[in-house]
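As they're listed, the protein sequences go chains A and B. Reminder that position 99 of the first sequence reads as 99 in our numbering, one-by-one numbering, no gaps. All you need for our numbering is the position in the second sequence, starting with 1, plus 1000.
Bear in mind the hints are in silico, worked out from the structure with no lab data behind them. From the three backbone atoms N, C-alpha and C, an ideal C-beta is built for every residue, glycine too. Careful: at least some of the hints might be erroneous.
To be verified - Pair by pair, the computed Cβ-Cβ distance ranges are: (1) A:Gln117 <-> B:Met1034: 36 to 44 angstroms; (2) B:Arg1045 <-> A:Leu75: 45 to 53 angstroms; (3) A:Phe136 <-> B:Ala1280: 39 to 47 angstroms; (4) A:Glu111 <-> B:Ile1013: 51 to 59 angstroms; (5) B:Lys1273 <-> A:Gly103: 49 to 57 angstroms; (6) A:Val140 <-> B:Lys1009: 38 to 46 angstroms.
What the hints assert, rightly or not - Dumping the calculated SDA-like pairs for lysine to any residue here, alpha-carbon to alpha-carbon at most 20 angstroms: (7) B:Lys1157 <-> A:Arg55; (8) B:Lys1157 <-> A:Met2; (9) B:Lys1148 <-> A:Val67; (10) B:Lys1157 <-> A:Gly58; (11) B:Lys1120 <-> B:Val1106; (12) A:Lys64 <-> B:Ser1158; (13) A:Lys205 <-> B:Tyr1028; (14) B:Lys1016 <-> A:Gln191; (15) B:Lys1016 <-> A:Ser50; (16) B:Lys1148 <-> A:Gly58; (17) B:Lys1157 <-> A:Ile54; (18) A:Lys205 <-> A:Met2; (19) B:Lys1157 <-> A:Met192.
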Amino acid sequence: MMTPVEMLAVWASAIFSLAILSFLWKENPIYSIAERIAVGGGAAHGVLFSVAAIRSSGVEPLMKGQVLMIIPLLLGLLMFTRLTKWAWVSRYPTMVMIGVGIGVMLGAIVEGQIIGQIRMSITGLYAGGLCPICLFSGLVVLIGMLTTMSYFIFTKPHTGGLGISARIGKVFMMISFGCNWAGELLWYLTQMVARLLFLINVWIKQVILGIIV
Amino acid sequence: MAEETIWEKLGTINYKWLYVISIIAMIYPILSPMGLPVTISEPVRGFKDTIDSLPEGAVVIWQEGGGGSVYDEIRPAMVAAWKVLMSRPIRVIAWSDTSEGPVILVDTVHKIDPEENYGKVYGEDYVILGYLPGDETATASVATNIRKSFSTDYFGKSIEGMTVFDGVETGKDVDLIIQIYTGCYNYDWIVRQWVVPLGTKTLGITMACCGPMLAPYYPEMCQGYLSGTAGGTELEILGGVLGEGAVVSDAKNLGLFPLMLFIVFGNIAFLYKKYVKKEAR
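Build the full structure now, drawing on both the sequences and the hints.
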């Protein structure tokens, strides 16, 4: 049995869902209100969680004696100088953030995303054993990788052998983009299905009709 | 004026009909579940096998990267994965690299109810830490020392004395990392911060559109992954932990048919207009 607060949450969720779905018909004031509330709520949520994260990972350790925590906290505060006439000061924390970000990333990029990928493209030929399908699958990946890379060779005109290879690479890329787009479409469908599930099973059946699903 | 052919009419059909037909197709399996057949893919088998192969007391890091807008897409996979994890005598330490992550994580764990259904104890068998900003830098921080990255859990309780952290100091003490990511390239963080420097086993849960970005890492740098609701449904069936995935998959599969038909008809209409009619003129 739902508590009154849960019931209220379900009603609010159902009304907002229908308000957002009303956009399928055409843009209207109800949709606009729901959209603005969702954006505002999301922004407020983000701010609150960021403040909580700074407290948990910065302020509290500082209070417990981790004096060095003062450095990231000060750098974070300097970001707010953007809002003042000393906006240039914010370049220092930005510089540190970019430097640390690139430093953290670069270390493993060669092994993980270049050498490792090349190795897997080669070993992929016999990864599933010596069955014809596995070999064919590995071969497709290998050809796909080589021809796609050849498409990005811009120092030579795409004629002759390179032209053929680049065109095959283009086909592989189009297939890849098609897969991604199909996946995106599936995501949108899932969102719709989940909303319908909620509206039918929770809102209509449980709350309005009182049926236990 | 020449009369319009069927293909020309199809090309100008009102798109609202597509919505109506798709919604009807999606509602039908919700009202009357169909149980369409599901094939278990290799990455999903890898996902389950990797969890099954963990020794007793193993430490799993759950890196939550989802948010409200994608929760519907990854929820069946998250729920099924938590059910499989909780059925094993292992420890799970969960944290989030997105601000909305803790909210959906708590909702998922609430659905599982580890205390009631699996006899697990919060703080001993699993813990939900909060949000740590910084994306890949935060991932690196957790890989270096998770205990120094957080002072409290998501609920504000100090993590000091929580036995779930016993023997967990650095990333080397972690047996498996599961990343839930919805920015399609975020799995690269795991490869760069966990797989290459530490050689940790990894699993991924993501949306259907991000699955292809994870595939190149499988099986060497990612031992298994669940892509979208389909991946969740497959794990539900493979792990014997049935949930909402099957219903969602049925409705999604049926809802796809009208869209596919409209795409095919739209293309025929376009090509007819471009070539056949041009030739006739």
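* Compare the structure with the hints numbered earlier in the document and write down the numbers of the violated ones, lowest to highest. => 8, 15 and 19
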